[in-house]
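Chains A and B, in that order, give the protein sequences.
Quick note on the working numbering: the first sequence kicks off at 1 and runs consecutively.
Quick note on the working numbering: the second sequence kicks off at 1 and runs consecutively.
Quick caveat, the hints were computed from the structure, so don't treat them as lab data.
Check the hints yourself; a few may be wrong.
Pairs count within a copy or across copies, as identical chains cannot be separated in the list.
To be verified - With a straight-line cut-off of 25 Å between C-alpha atoms, the simulated DMTMM-like cross-links for lysine to aspartate or glutamate are:
1. K4 - E46
2. K4 - E184
3. K205 - D177
4. K205 - E74
Protein chains: 2
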Amino acid sequence: MERKRADLIADAIEELILDGTFDDGDRLDEVQLAERFNVSRTPIREALQRLILSGLVEQLPRRGVFVRQPGPVELIEMFEVMAELEAVCARLAASRISDTALSELRTINERCRAATEAQDADGNYDQNDLFHATLYAQTGNAFLEQECLRLQRRLRPFRRLQLRWRGRMAQSVAEHDAILAAIEAGDGDQAGNMLRQHVTVQGEKFHRLMSSLKAAAE
Amino acid sequence: MERKRADLIADAIEELILDGTFDDGDRLDEVQLAERFNVSRTPIREALQRLILSGLVEQLPRRGVFVRQPGPVELIEMFEVMAELEAVCARLAASRISDTALSELRTINERCRAATEAQDADGNYDQNDLFHATLYAQTGNAFLEQECLRLQRRLRPFRRLQLRWRGRMAQSVAEHDAILAAIEAGDGDQAGNMLRQHVTVQGEKFHRLMSSLKAAAE
DNA sequence: GTCAAATTTTTTGTATACAAGAACGGATTT
DNA sequence: AAATCCGTTCTTGTATACAAAAAATTTGAC
Chain A
1 MERKRADLIA
11 DAIEELILDG
21 TFDDGDRLDE
31 VQLAERFNVS
41 RTPIREALQR
51 LILSGLVEQL
61 PRRGVFVRQP
71 GPVELIEMFE
81 VMAELEAVCA
91 RLAASRISDT
101 ALSELRTINE
111 RCRAATEAQD
121 ADGNYDQNDL
131 FHATLYAQTG
141 NAFLEQECLR
151 LQRRLRPFRR
161 LQLRWRGRMA
171 QSVAEHDAIL
181 AAIEAGDGDQ
191 AGNMLRQHVT
201 VQGEKFHRLM
211 SSLKAAAE
Chain B
1 MERKRADLIA
11 DAIEELILDG
21 TFDDGDRLDE
31 VQLAERFNVS
41 RTPIREALQR
51 LILSGLVEQL
61 PRRGVFVRQP
71 GPVELIEMFE
81 VMAELEAVCA
91 RLAASRISDT
101 ALSELRTINE
111 RCRAATEAQD
121 ADGNYDQNDL
131 FHATLYAQTG
141 NAFLEQECLR
151 LQRRLRPFRR
161 LQLRWRGRMA
171 QSVAEHDAIL
181 AAIEAGDGDQ
191 AGNMLRQHVT
201 VQGEKFHRLM
211 SSLKAAAE
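From just these sequences and the hints, can you work out the full model?
Printed below as a string of structure tokens:
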């Protein structure tokens with residue numbers, strides 16, 4: 001259960017930003033939001049503070065808060081950090097993972113495969129996130145796990161764009177297979193490198209992401 | 001200049017926690033803090049929200065906020081993440097660093113050495129932080145840099161404990177030298193591994209940190 | 001005397017009222 | 001006609017007042 005109204009509102013505003021209701025650069029007016037959610041300015045301000053700290057919006061002193069979608073450069077940077085963090089997770093997990101967790105990962109990837117064959121993009125998306133999140137947990141480092149989940153969550157809407165590309169889902173499942181094989185073999189460095197490649201945005205992936213962004217902006 | 005009163009208060013409370021005025025588990029009473037800082041509860045609450053998001057304090061719904069110092073396990077986990085992040089920085093910096101930045105790093109490490117020889121623990125501490133922060137900037141990834149600075153800041157009080165050990169300062173300077181040599185040689189993997197070792201808390205370092213913590217708790 | 005229930009009290013969460021600073025517009029001057 | 005200065009208005013930041021929920025204390029019963 002959520003703690004208080006301000007938290008619910010923060011999630012709601014975040015959703016409104018991510019689904020494009022609020023565009024980049026828009027000012028988030030406290031009084032407008034207050035009447036929109038039928039609350040006073042106080043919980044709105046608390047919610048905005050949460051979003052400011054998460055980096056989703058920007059506050060200019062005495063000016064207000066503005067939506068701040070990451071530009072191409074920052075996006076690439078965030079994906080690079082995600083790739084490196086996941087590489088670390090794979091390397092650590094390779095030596096710390098339990099047998100049950102390994103088979104669980106296999107099960108999840110099989111569900112990814114099934115969703116791919118069923119052309120179920122949403123199902124693939126959810127199982128894919130679960131696959132990565134399960135791996136984070138197997139690092140045996142709860143702090144690392146939380147940091148990864150935080151960034152994963154932040155990048156979520158942009159990863160969603162990527163899965164639309166033809167053949168990407170099948171490729172993703174195959175890469176998961178290879179990563180699992182490396183982990184099972186206990187080859188942490190290999191698993192890490194593969195996962196880094198799996199997440200990194202470069203080459204063709206980069207151009208596809210850019211054009212997806214441009215298309216989404218229209 | 002700081003933005004508003006709430007930000008100043010957040011920094012002040014953080015300082016009070018880090019220097020031990022507020023101990024682990026203490027409840028941060030809103031009204032007490034309000035009269036302590038001669039403001040109303042509103043800016044206090046905003047400040048506390050910042051601290052909650054930064055993980056320094058914990059909020060229990062309808063109960064209040066409590067100081068939450070990390071325990072030994074979480075501390076080790078945080079240092080592990082820091083070590084891995086810095087390893088990434090070193091690897092990336094090895095291929096992206098500029099010549100001027102490299103010589104700047106050398107200069108900073110020379111200041112570390114001078115501070116060590118002068119038995120100036122505070123000077124060494126400051127230059128050491130600067131050395132690492134300069135390296136973060138040379139990854140060419142502003143997002144990664146910010147994340148590293150965030151975690152560095154969080155671990156700051158605990159790193160301070162470590163420098164008290166006999167011989168640690170000199171060892172640190174020598175390790176910096178080796179890391180710089182690896183970066184100059186363009187060997188990113190080597191530089192990364194060395195920096196990971198440099199930051200990792202394990203073996204003798206672990207026992208020393210634990211006893212320092214116990215001593216600080218008394 | 002002890003345990004439990006109810007009331008009181010304390011504290012958080014929300015609403016509203018107030019103050020200070022910034023943007024906007026109009027008027028006056030060059 | 002353009003630019004600048006002053007005033008109005010709008011918005012943020014802070015204070016206070018109010019409500020609801022949880023904790024603590026007191027009172028009553030067994």
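Going back to the hint list, which numbers does this structure go against?
Violated: hint 2 alone.
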